[in-house]
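K.L.:
Here is what each chain is made of, one letter per residue.
Number of protein chains: 2
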Amino acid sequence: MQICHRWNIPVVPRGAGTGLSGGALPLSNGVLLSLAKFNHILAIDPHNRTAKVQPGVRNLAISKAAAPYKLYYAPDPSSQIACTIGGNVAENSGGVHCLKYGLTIHNVLALKILTMAGDQISLGGTALDSPGYDLMALTMGSEGLLGVIIEVTVKLLPLPERAQVILAAFNEITKAGAAISGIISAGIIPAGLEMMDNLAIRAVEDFAHSGYPRDATAILLCELDGNNVEVSYQVHKVKKLLSHYGATEIRIAKDDQERAALWKGRKSAFPAMGRISPDYYCMDGTIPRKRLPEVLAQINKLSQEYKLPVANVFHAGDGNLHPLILYDANQPGELARAEQLGAKILELCLAVGGTITGEHGVGIEKINQMCIQFNADELQQFHALKAAFDPKGLLNPGKAIPSLHRCAEFGAMHVHQGKIPFPDLERF
Amino acid sequence: MQICHRWNIPVVPRGAGTGLSGGALPLSNGVLLSLAKFNHILAIDPHNRTAKVQPGVRNLAISKAAAPYKLYYAPDPSSQIACTIGGNVAENSGGVHCLKYGLTIHNVLALKILTMAGDQISLGGTALDSPGYDLMALTMGSEGLLGVIIEVTVKLLPLPERAQVILAAFNEITKAGAAISGIISAGIIPAGLEMMDNLAIRAVEDFAHSGYPRDATAILLCELDGNNVEVSYQVHKVKKLLSHYGATEIRIAKDDQERAALWKGRKSAFPAMGRISPDYYCMDGTIPRKRLPEVLAQINKLSQEYKLPVANVFHAGDGNLHPLILYDANQPGELARAEQLGAKILELCLAVGGTITGEHGVGIEKINQMCIQFNADELQQFHALKAAFDPKGLLNPGKAIPSLHRCAEFGAMHVHQGKIPFPDLERF
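As you go down the protein sequences, you meet chains A and B in turn. Just so you know, we're using UniProt numbering here: the first sequence kicks off at 1 and counts up by one. Just so you know, we're using UniProt numbering here: the second sequence kicks off at 1 and counts up by one.
For reference, chain A alone in the conformation it holds in the complex (with noise of 0.2 Å):
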């Protein structure tokens, strides 16, 4: 780092490269910094339930290696099984259990960053709260832009007791929607509660046999975790609610297998989509989750506009939308309507009141949408917050953070995604 700070090079800090913005594409001009093999579990403390890890371990690796103590490492993005804990401090990285358990900011407890100068920095601590500028949470999510994590200590939660899925399938999107603001309300708050449309579904059961009913117009699944009493009365609650609220179908997971076959439907959503069409652009907005219904319906009339077919499958718990735009991109003009439908997505989730990332950053993706998002004031804001970090914008340049001469040109020149300039061409 002193090196590259010395002779003016950008750095590109990277972890297993799973992310879905692009935050950690290399730059043509600069040093690609893979901390893909920091990847020793330092200390794992059960009193105090924290792991002290390198940053290049694996998600799940911290849940296996603290699972002896009956504990484990609660954010799950899909990618778990690759991701590194570097890159989900990074784009505070959520995933099924985080309504309930929080995003990675909430599960970390003390992070050691390098700055671009080299200086070693520690951040947070294990108690309660540190004096000082939360420097730490300024880091969570920060995308690579204000220092290189080289250590991060996680909390610990204890396994649950029993965990329980409920699946509930819908004829109308409304009431699914009602229903999950329903539980809610109810002062339930379940560990997930995901959502899918039937374009989903049928991918899916086709792809994973989990016993979803194929004509349904949507499904939720539910999980319920906790201590046996606690979740055997929630479930019995939950239950009540979704008939309450026009369930057609509820289905309670009988013994583990069939709680993991409910799941491995949700978890394998993704490359099912590779059985109905050849490519698939996913898209990551977030929204008030009472806003649902009428989201969904606006998403269903792009789809119709912009002639692709739109599945979703999302974290319906947090209003968190996974549309997922399939498109082929060997079909002239393809890509690019799909890359203009999903601008378009984003920007409907901000008219009504949402952000334009739940949980996979902005990276080089979506970085126009964050000239809609932050006026001008707020953009030169977080440049002055780069600045006192990295003064000559040597770390990860051109991602994150859109310059407000691009932000111009987006506005008045209406250059729409299809047409990003490579971001580190803009620079440099």
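Simulated from the structure, these hints should not be mistaken for lab results. For glycine and all other residues, C-beta sits at the position ideal for the given N, C-alpha and C. A few of these clues could be false.
[Claimed, not checked] One side of the interface only, derived from the structure: several residues of chain B facing chain A at Cβ under 10 Å:
hint, residue
1, Gly94
2, Thr139
3, Asn228
4, Glu359
5, Gln373
6, Phe382
7, Ala384
8, Leu404
9, Ala408
[As the list claims (entries may be wrong)] Below, simulated DSS-like cross-link-like pairs (lysine-lysine); rule was C-alpha separation at most 27 Å, straight line:
hint, chain 1, residue 1, chain 2, residue 2
10, B, Lys239, B, Lys267
11, A, Lys70, B, Lys52
12, A, Lys70, B, Lys240
13, B, Lys290, A, Lys64
14, B, Lys237, A, Lys155
15, B, Lys70, A, Lys237
16, B, Lys100, A, Lys237
17, B, Lys155, A, Lys100
18, B, Lys175, A, Lys100
19, A, Lys100, B, Lys100
20, A, Lys112, B, Lys239
21, B, Lys100, A, Lys52
22, B, Lys52, A, Lys100
Chain B: place on chain A using the hints.
P.N.:
This is chain B only, laid out in the frame that chain A set:
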């Protein structure tokens, strides 16, 4: 703000002024900007469970306004009847229930701030996550140094169906400490888990008549909340654990009246000190839970060395200590000795891997201890970050983050707590 910025006049934002570390103390050469009269609740959204309020709204007023919807705002500092939400954000306040429900940072969704230059910036949002740097998290606990908080959107939680308090008495501090760890290790997160030592118990009992056992070496107050069946189960489990760890007495509040009586003692612990000492000095350090017994033994030793009694009342579940140093300001030298003892206690917290503040902030009180907790690189990063928001250093100068010059003096010349120069004199 624009006028002050133009004419280089320091500004100190202030809410109710209930802070315990002097963060909102005025400067002799600056403007004191009171936000206390911005006290309107702008919107309550029961569906999304949020409240949008002005910064001068009192903490308890939010819960009162949300009560018709069976919702409340969780963080509950002891000063909640008077302190404002803007101050809570500035200090990242906690309270008895933050063990389960988190600090202010975990319960605020969005902020509007004014920068020193007078620009208005929106931070965070009601959606799950937000792109860009997490300036909202950064603003939490920044003690008025980065911006003036002008609007706060908080998360509301459903009022629990039932809350149950258990009192347990112990004849050894070590046993009480082990019981705390035992409860947390068993996977139970109480809504509150408080501890008091004998000196505190006796003072409180004489004042509040809560029915505390006067002869116990320590008592624990453990509150469990949630739905009915869950609470019954947890009460049963906690009772067994308390017996297992050697509680000499276990008492479960029979009704809401008895529950209120048990809490009344805890909540009036600070004023109760007036019965046994003309003055007290409340410290606020955080330590890893497992170091509790040895730290209390060390505090006892320091108390004897400095010849001042120390009563301990604290958030045991979080490891957040509140040693109350009892002294008499009319006795020459006692105030200085109390301050020296306080500084020693904070340094002890750091030595066992803790921090110098749990929830009361740094302000001017603990600014020297910041030089021990952070190294020069880390402090320099803090200053760079401050400059990104307020390059002229006009917002609340001299608070929270020490200059490197101050730290050099503190370290090299052994300037102790008793001789802190007024912080505004240093800079201006």
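K.L.:
All hints, please: hold or fail.
P.N.:
Hints, one by one, checked against the model:
Against a cut-off of 10 Å between C-beta atoms, the interface hint on glycine 94 of chain B holds, since the closest Cβ of chain A lies about 7 Å away. Interface hint status for threonine 139 of chain B: upheld, as the beta-carbon distance to the closest one in chain A is roughly 8 Å, under 10 Å. At a threshold of 10 Å, the smallest CB-CB gap from asparagine 228 of chain B to chain A is about 8 Å, leaving the interface hint in force. Hint status for glutamate 359 of chain B: holds, given a least beta-carbon distance of 6 Å to chain A, under 10 Å.
Hint status for glutamine 373 of chain B relative to chain A: holds, with the closest Cβ pair at about 7 Å, below 10 Å. With its C-beta approaching chain A no nearer than about 6 Å, phenylalanine 382 of chain B sits inside the 10 Å limit, and its interface hint holds. For the restraint placing alanine 384 of chain B at the interface with chain A, the shortest Cβ-Cβ distance is roughly 4 Å, inside the 10 Å limit, so the hint holds. The beta carbon of leucine 404 of chain B comes no nearer than 14 Å to any beta carbon in chain A, farther than 10 Å, and the hint placing it at the interface is violated.
Interface hint at alanine 408 of chain B: violated, since its Cβ lies 18 Å from the closest Cβ of chain A, which is beyond the 10 Å cut-off. With a CA separation close to 23 Å, the supplied pair lysine 239 of chain B and lysine 267 of chain B stays within the 27 Å bound. Between lysine 70 of chain A and lysine 52 of chain B the CA atoms are separated by roughly 40 Å; this puts the pair beyond 27 Å, and the hint is violated. Only pairs whose Cα atoms come within 27 Å are accepted, and lysine 70 of chain A paired with lysine 240 of chain B is accepted, the gap being roughly 21 Å.
At roughly 24 Å between alpha-carbon atoms, lysine 290 of chain B and lysine 64 of chain A fall within 27 Å of each other, so this suggested pair holds. Note on lysine 237 of chain B and lysine 155 of chain A: the hinted pairing holds, with a Cα-Cα distance of about 24 Å set against a maximum of 27 Å. Distance check on the hinted pair: lysine 70 of chain B and lysine 237 of chain A sit about 18 Å apart at the alpha-carbon level, within 27 Å; holds. Pair hint lysine 100 of chain B plus lysine 237 of chain A holds up; C-alpha atoms about 23 Å apart against a cutoff of 27 Å.
A distance of roughly 15 Å separates the Cα atoms of lysine 155 of chain B and lysine 100 of chain A; the hinted pair therefore holds under the 27 Å criterion. As the CA atoms of lysine 175 of chain B and lysine 100 of chain A are separated by approximately 33 Å, the hinted pair breaks the 27 Å bound. The straight-line distance between the Cα atoms of lysine 100 of chain A and lysine 100 of chain B is roughly 13 Å, inside the 27 Å bound, and the hint therefore holds. Proximity of lysine 112 of chain A to lysine 239 of chain B is assessed by CA-CA distance (about 40 Å); at most 27 Å being required, the pair is judged violated.
A distance of roughly 23 Å separates the Cα atoms of lysine 100 of chain B and lysine 52 of chain A; the hinted pair therefore holds under the 27 Å criterion. For the hint pairing lysine 52 of chain B with lysine 100 of chain A, the CA-to-CA distance comes to about 23 Å; that is within 27 Å, so the pair holds.
Of the numbered hints given earlier, the model fails hints 8, 9, 11, 18 and 20; all others are met.
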